[in-house]
Structure formats: C-alpha cells, structure tokens
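*Asks:* Okay, here's what each chain looks like letter by letter:
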Amino acid sequence: EDQVTQSPEALRLQEGESSSLNCSYTVSGLRGLFWYRQDPGKGPEFLFTLYSAGEEKEKERLKATLTKKESFLHITAPKPEDSATYLCAVQARGGGSNYKLTFGKGTLLTVNP
Amino acid sequence: DSGVTQTPKHLITATGQRVTLRCSPRSGDLSVYWYQQSLDQGLQFLIQYYNGEERAKGNILERFSAQQFPDLHSELNLSSLELGDSALYFCASSVAGTSGVREQFFGPGTRLTVL
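Residue numbers (the numbering used here), protein chains in the order written: chain L, 1 to 113; chain E, 114 to 228.
Fair warning: there could be bad hints in the mix.
Stated by the list, open to error - Facing chain L, from chain E, some residues (calculated, C-beta under 8 Å):
| hint | residue |
| --- | --- |
| 1 | Ala169 |
| 2 | Asn172 |
| 3 | Phe182 |
| 4 | Asn190 |
| 5 | Ser207 |
| 6 | Arg215 |
| 7 | Phe218 |
| 8 | Phe219 |
Unchecked claim - In the BS3-like style, the derived pairs of lysine-lysine whose C-alpha atoms are separated by at most 25 Å in a straight line are:
| hint | chain 1 | residue 1 | chain 2 | residue 2 |
| --- | --- | --- | --- | --- |
| 9 | L | Lys42 | L | Lys68 |
| 10 | L | Lys79 | L | Lys57 |
| 11 | L | Lys69 | L | Lys79 |
| 12 | L | Lys79 | L | Lys42 |
| 13 | L | Lys105 | L | Lys69 |
| 14 | L | Lys42 | L | Lys105 |
| 15 | L | Lys68 | L | Lys57 |
| 16 | L | Lys105 | E | Lys122 |
| 17 | E | Lys122 | L | Lys42 |
| 18 | L | Lys105 | E | Lys170 |
| 19 | L | Lys105 | L | Lys59 |
| 20 | L | Lys59 | E | Lys170 |
Just so you know, these hints were derived from the structure itself, not from any lab. Even for Gly, the Cβ is constructed at its ideal location relative to N, Cα and C.
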C-alpha cells in the first residue's frame, strides 16, 4: 500500500526565515510526486510535479526536490502570504489507467510578519 | 481558479438523508476523481471515472455512488448519511492520454454537514 508521511505537522516561521518541509514516501513504483498548497476551506492548488530522483522545480520562493525516498519543499525568505497547508501526494505505476493520488496529511505553515 | 466547478458549496442535512454533489471538470479533461477530506483522515481517494466509465475505487462506502455523464460532468451520491460523513468533498480532473503522469486540478469543494 502506498504511504506518504509529511513532517513537521506544523511549522511557524518569521518572515524571511527560510526552511524546508519533508515528504517521505513508500510506493511500489513512482509515476509522479506532487506538491499542492491548500488554503483553509479551499481546494488544493497544484504547485509542482516531480518525476524522478534528482529532479528539481522552482516557482517564486518555492523549490521542490526529489530523491528515491523523499521530497523536500524549500521555502526561501517566506512571506505571510505563503501561510497555508502544503500537501504532498504520490501517483503509483502499475495501476493501468488508475491515476489516484495518495496524500500525506500535510504541513501547516504559518509565516509571521 | 482551477477551472473545476463544484456545487453546492455548502450542504447541511440530517442523518439518514441522501444528497447529490455535482462536479464539472476542466474543459477537455476526461478523468474525474472524487476525494473526501476530514480533519483526522486527510484527503482520501474515493473513486475515479474516465470518459463515463468507472476506472478505480478507493475506500468508498457502499452507501456512496458516483457516475459520469456524457457531457463529462460527474455526480457523487451519498445516502443513509451518518454524522461521520461530515467532511469536505473535492472533485478533481485531469487530462486524458495513453500514458504519462497526470496532474490533477481540484475544485473548490462541497462542505457537507450532517446533523
């Protein structure tokens, strides 16, 4: 069974204080790893897809990296508007046309001004 | 705005009742997915449809059912509702194709409250 574990559960940062969120995964064969941002009461917003170990993607203050066992979401000089829950999800191979996502429980990031 | 729409935004009902949640995928997307999000379980996959056909099931209760119509919109039907069914229900859609990774784009969700 595919499993995704995110840490920490919650992270509080001061504006400008860089940090990283971790996503550890166990999957029979990785088709893709996804990062989403979710604001309270809203749907997850797609951020990145990573396909293979060593890959990196960047968007504004966010950078996602991938190894064979985990992914990191690095946040550089965060701003209060980066406050949200960040979700990691995996999509496994071997499911034919089953493209379901298995999500972690997320990291709640709070950035104080 | 992801392009995925869901109605209603909020739904309050009583135990034992039946409700229908509706989803319209992004233009051109043939796959629709339903997820349930509760505080303790996180986002859980329920069911996937592709061009009108069921393709995969997750931990979906027998009291729940779904379908995808010829115009590609989808409905999730929840019956004999229990207090524990209170949650956020999300629909997501993705592009069609024969291979490759499929990013999913989520709608704004329907918040179901069962009293």
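*Asks:* Classify the hint on Arg215 of chain E as holds or violated, based on whether any CB of chain L lies nearer than 8 Å to its CB.
*Replies:* Hint on Arg215 of chain E: holds, closest Cβ of chain L at ~4 Å, below 8 Å.
*Asks:* Run the distance test for Lys42 of chain L versus Lys105 of chain L: straight-line Cα separation, threshold 25 Å.
*Replies:* Holds. Lys42 of chain L to Lys105 of chain L sits at ~15 Å (cutoff 25 Å).
*Asks:* Does Lys59 of chain L sit within 25 Å of Lys105 of chain L, going by the straight-line distance between their CA atoms?
*Replies:* holds (22 Å)
*Asks:* CA of Lys59 of chain L to CA of Lys170 of chain E, is that 25 Å or under?
*Replies:* This hinted pair is violated, its Cα atoms lying about 33 Å apart.
*Asks:* Holds or violated: Lys79 of chain L and Lys57 of chain L, Cα atoms, limit 25 Å.
*Replies:* With a Cα-Cα distance of about 20 Å, the restraint between Lys79 of chain L and Lys57 of chain L holds, given a limit of 25 Å.
*Asks:* Taking 25 Å as the top limit, are the C-alpha atoms of Lys105 of chain L and Lys170 of chain E close enough?
*Replies:* At roughly 20 Å apart (the allowed maximum being 25 Å), Lys170 of chain E and Lys105 of chain L satisfy the hint.
*Asks:* Keeping to a limit of 25 Å between CA atoms, is the pair of Lys105 of chain L and Lys69 of chain L held or broken?
*Replies:* Holds, at about 17 Å.
*Asks:* Does Lys68 of chain L sit within 25 Å of Lys42 of chain L, going by the straight-line distance between their CA atoms?
*Replies:* Violated, at about 31 Å.
*Asks:* Check the hint pairing Lys79 of chain L with Lys42 of chain L against an upper bound of 25 Å on the C-alpha distance.
*Replies:* holds (20 Å)
*Asks:* So, Asn190 of chain E near chain L? Judge it on the closest CB pair being under 8 Å.
*Replies:* Hint violated; Asn190 of chain E Cβ to chain L Cβ min 20 Å, cut 8 Å.
*Asks:* A closest beta-carbon separation below 8 Å is what the hint needs, so does Phe219 of chain E meet it against chain L?
*Replies:* holds (4 Å)
*Asks:* Identify whether the interface hint at Ala169 of chain E stands, where standing means a beta carbon of chain L within less than 8 Å of its own.
*Replies:* Nearest chain L Cβ about 4 Å off; hint holds.
In this structure, the earlier hints numbered 2, 3, 4, 9, 11, 20 are contradicted, and the remaining ones agree with it.
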